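Undergrad: Hey, can you work out the whole structure from these sequences and the hints?
2 protein chains.
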Amino acid sequence: MGHIPAPPTRRERQREATYDEIVTVSAELLAEGADLSLRAVAARMGMTAPALYRYVADYQALVDLVAYELDKRATAEWAKEAERYPEDDPMARLTVACCAFRRWAIANPRAFSLVFANPVASHVTDRREALTVATSGCYLTDLLYQVWEKTKFPFPALEDLDPVVREAVQDPWIPAETSHIAPEDRGLVWIYIRSWAAVYGVVALEATMHCDPRVIRSGALFKATLVDWLPPLGIDGRQERERLIAILDEELARDRDAWPAP
Amino acid sequence: MGHIPAPPTRRERQREATYDEIVTVSAELLAEGADLSLRAVAARMGMTAPALYRYVADYQALVDLVAYELDKRATAEWAKEAERYPEDDPMARLTVACCAFRRWAIANPRAFSLVFANPVASHVTDRREALTVATSGCYLTDLLYQVWEKTKFPFPALEDLDPVVREAVQDPWIPAETSHIAPEDRGLVWIYIRSWAAVYGVVALEATMHCDPRVIRSGALFKATLVDWLPPLGIDGRQERERLIAILDEELARDRDAWPAP
DNA sequence: GTGCTTCGTTAACAGTGTTAACTCGATCGA
DNA sequence: TCGATCGAGTTAACACTGTTAACGAAGCAC
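Protein chains in written order, with the working numbering: chain S, 1 to 262; chain E, 1 to 262.
Please note that a few of the clues may not be correct.
Given that identical chains are not distinguished, each listed pair holds provided it fits within a single copy or across any two copies.
Below, computed lysine to aspartate or glutamate pairings styled on EDC-like, alpha-carbon distance capped at 16 Å [unchecked claim]: (1) K150 / D236; (2) K223 / D162; (3) K223 / D160; (4) K150 / D64; (5) K150 / D89; (6) K223 / D249; (7) K72 / D185.
The set of hints was computed from the structure by calculation and includes no laboratory data. Predicted model only: the values in this text are computed from it and were never measured.
TA: Structure below.
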């Protein structure tokens, strides 16, 4: 009891730093369009490939590690962008965060594939569990919860849900903090899932380029998808609606400036 | 003039058969959970790997070939299912086809990734062009067109569209037959794109398992997404709506029976 | 039959993940 | 402080991958 959290010894700090370098180097490789390989990562770190086995069990573990950390770093990026708007304006923050997510995905398609399109093999429970703590999911759903606290938008009652879904929202296996949601309000989780499916869909379509490049540049598809979600999230008033659309447009304009011309 | 279409010589037939075997064998490999490799394909065909270079330029070409053909075969599958409903009932056919698409994606996640999540590199025009003739896209959009012919559901006027989008729908780079759509009706293509994004999103989420398995089994997320699209497609009447939902439920029930228990 | 083309072979190279055996240095207990 | 221990890293090797080059053996055309 009263344990001091064990001051990290020198070796532990070194080890932690190595882990950090692994994911940083991996991110570099992905950004350069190369593909992630143990040997490439090791080489760029000035090591030989087998040395990496001191840090990851196998290649898949490397991928998982990098995916998890990239998700974390990307989320920090979005959160920072979102903080341009005040804490008591979660809807603005959510809008900005979604745009930042999309921007990140399109700028780093390989990283996106790694984190969000990396097929989860049948029942490898480790990877499932890793998914349920994904930083990005928790961040976005938390923002959505804050929106709900303000607008109290409607969500389906538990008894209106498909029984299986009811069970799923009561004991969710998704990356979201749900412990603070009252049991009778768990229908809210269904909104989490549905809205995530919507933005995930467009972003995946755009990031993998399975979409007209001009449509991607314009951002119109993404915008339309987000705008459709305003009423269900309790944004009814014309004024508030237009305020958010303005924020959205502003973010999308930033993208067009940032990306190179085709 | 009056050319007989050059009767396929023996060699040509042989070659065609070899191509067929390549994609069949590739499909087998993917279905078994193995990953697509030149050597594995060649071995299973009783050949050595370099021999495949007589048929494909390199590995990426193999992937593209297999992706294109799998898409074609899968589409034929969906179309066959859809034909259980009469030709003058395109909405029923579309519903069934979407369910068949989802069923196929979840049953063959690797094939799905190959065809629909395979990132198309920056501006390799060949692959872009291949995408614009994808059989599945043409089939589904054609069904959607038939629905429009019946219900005349509304679509945005050209001048209401983002200028870039307007250009995109007038000269579309998407897998859809658009030549028969009157120029002033090209706003319809925007519906093509948006509805495709919606179903693609859910199916991608489910096929890559980035989703609660129970939600996948229940089919509720997919159902909700499709149901949301009924009104925009001109399905307003309660009767017609319930008829289609019944069809939808029936298809989803089939899935639950077909898949193994978790 | 003589050429030419096409299909397939073997051999080899560079790259991948992965394991085993080994070295060197830091850390810790006596 | 000495000696044991553990941990990070090495090299060598194996079984894979895509890919090229050089070669052989069929089929087809004249």
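Undergrad: If a hint holds in the structure, say so; if it doesn't, say that too.
TA: Comparing the hints with the structure gives:
1. K150 / D236: Only inside one copy: K150 and D236 sit 13 Å apart there, 33 Å across copies, limit 16 Å.
2. K223 / D162: Only across copies: K223 and D162 sit 11 Å apart there, 30 Å inside one copy, limit 16 Å.
3. K223 / D160: between (30 Å within a copy, 14 Å between copies)
4. K150 / D64: neither (36 Å within a copy, 49 Å between copies)
5. K150 / D89: Cα proximity of K150 and D89: one copy only (9 Å, versus 45 Å across).
6. K223 / D249: within (8 Å within a copy, 31 Å between copies)
7. K72 / D185: Answer is neither: 28 Å inside a copy and 45 Å across each miss the 16 Å cutoff.
The structure does not agree with the numbered hints 4 and 7 stated previously, though it agrees with the rest.
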